[in-house]
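As a plain string of letters, each chain reads:
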Amino acid sequence: MGSPLVTPPVVKVRALFCPNCGGVVQLRGYAHTLTAVCTNCFTVLDTSTPAVRVLQAAQEQLRRQPTIPLGTRGKFQNTVFEIIGFQVCQVTDDTTIYEWNEYVLFNPYKGFHYLVEYQGHWNFVSTVKASPALTKSSGKPAAIFGGRVYVHFQTAAAKTVFVMGEFPWRVQVGETVEDQDYIAPPYMLSAENTANEVVWSLGEYHTGAGIARAFQLKTALPPPIGVYEDQPNLHRARVKSAWTLCFWMLMALVSLAAVLSMLELNRDVFDQKYSFHAPFTGAPATPTDAAFVTPVFDLKGHTSNVQIQLRTDLDNNWAYFALALINNDTSEALDFGREVSYYHGSDSDGRWTEGKPNDSVTLPSIPPGRYYLRVEPEMDTQSASTSYRAHDVSYELTVRRDVPNYVWYWLAAFLLLLPPLAVWYRSFTFERQRWMDSDYGSFSSSSRASSSGDDN
Amino acid sequence: MRHPIYLTYSLLLLLTVATAEIRGWGFTHVNQLKNVPKTVRDNPGSYRSHYGFYPRYFGGK
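Chains as they are written, first to last, in the numbering used here: chain A, 1 to 456; chain E, 1 to 61.
Only chain A is shown next, with the shape it has when bound in the complex (with noise of 0.2 Å):
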């Protein structure tokens, strides 16, 4: 349950004329509001005495215009609050000028709170009276509050650069204070260091969504551009989601291998030894010259793969075999050729090898049935080497009938990584983008261990 809703009396708003320009300035922040600045000629006034005071006189400045007009009520913590003061602060860093929006919220029974905007993100902010804990954290400064730690972002000095509404502090144009964020996304903790006193104010993140819900604005405020200090990185609750499916996806893929392997034949159905010579003649083998056919073998089972393997004795020389599988009552044949060369030797750069005696090759898909194969095996018939080796070869023809194809398992890992891994990217993206805009520029594995505060 939350706390009641606590609205604002409807109270009749105070009021009083510029002492520069006449207009004006109504006053919502009863007694609370120490200084008020004239939304005509932007003059900045002390009303904490009845003898109202100019403060600074009228500022030569470009006229900047809320996005949520003053007066605006909406609702947080629920609470309503109204809009009573609006400045702009800037931020000048070598070359660049950042600029962000403060709104300053008034509720009676609540006080002053804050709603900061830097394009298009939004963080309601609240002073907190005592002091966090000044610590380091992965080698950062840091400081612990409510017994969460926030990891120190930046520190610039801040300008306020335009003013209008009420403010409860003397607010003035070219006002400098030392600003010091630290977070915990979706938190904040910003310091706020003048010559007299530090100021600890908490900020929680808010998108605009939210805010025009709140404060039930008519059109959609600003998208939100880049990655915002306190921004949630939303993806990091994500990646281990992710990164644990997966690991019980990749368990269920080696069940699966280990369960179907179990069931697959994987039985030799046809093994038989040859030699082959191939006489040197000068001229290139003829079509008819060695080919042979097999015994027929059968293959049962359901329709499978079918494994021939060539197992030679070649020593620095080279075979071809072609072969086909031959369906014998249907007639149809599946045509395949196999290079099968071994080398080896010695030189300059030590011992070397090349190719591999052995072959195997997988037919896809074979239905069942009585299958022979054609072989047709080849040399070197052009070389003049009296070797007796050159022209011959001995080799082993196995048959092999539903083998595992572990080619599907490795490339159904590497499938099931990629989201994992496509999330963790982003996420991992995600805190490099918060961490370039930080005093420590560029990002690195302490800024992702620092930013874990908003797992929390």
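If you are wondering where the hints come from, they were derived from the structure by calculation, not from laboratory data. Incorrect hints may appear among the rest.
Unchecked claim - No farther apart than 30 Å at their CA atoms in a straight line, the calculated lysine-lysine pairs in the DSS-like style are these:
1. E/34 / A/129
2. A/300 / A/273
3. A/110 / A/140
4. A/129 / A/140
5. A/300 / E/38
6. E/38 / A/110
7. A/110 / E/34
Unchecked claim - A few chain A residues that face chain E, going by a derived Cβ cut-off under 10 Å, partial list only:
8. 219
9. 221
10. 223
11. 246
12. 304
13. 358
14. 362
15. 423
From the three backbone atoms N, C-alpha and C, an ideal C-beta is built for every residue, glycine too.
Following the hints, put chain E in place on chain A, whose structure we already have.
Frame of chain A; chain E shown alone:
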């Protein structure tokens, strides 16, 4: 369930792998011929292999 699409994708992948393994799918390229004459058994040399008689050289280093 955080990843319904990934879960569906994974299960479909496992199903595909099981089907591929049981049906013996593969990547080996073979030339399929129909109506091979019955005389091949009596005269193997009469068969014209699609892969035979290309000039080739297998040499060592």
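Hint-by-hint comparison with the structure:
1. E/34 / A/129: violated (89 Å)
2. A/300 / A/273: Since the Cα atoms of residue 300 of chain A and residue 273 of chain A sit roughly 23 Å apart, the hinted pair holds (cutoff 30 Å).
3. A/110 / A/140: violated (35 Å)
4. A/129 / A/140: holds (24 Å)
5. A/300 / E/38: Cα-Cα ~22 Å, so holds.
6. E/38 / A/110: Violated: residue 38 of chain E and residue 110 of chain A sit about 98 Å apart, past 30 Å.
7. A/110 / E/34: Measuring from Cα to Cα gives roughly 88 Å; hence the hint is violated.
8. 219: Violated, about 33 Å.
9. 221: Constraint on residue 221 of chain A not satisfied, violated at 28 Å.
10. 223: violated (25 Å)
11. 246: Since chain E brings a Cβ to about 8 Å from residue 246 of chain A, closer than 10 Å, the hint holds.
12. 304: holds (4 Å)
13. 358: violated (15 Å)
14. 362: holds (5 Å)
15. 423: Holds, because the Cβ-Cβ distance from residue 423 of chain A to chain E comes to roughly 8 Å (cut-off 10 Å).
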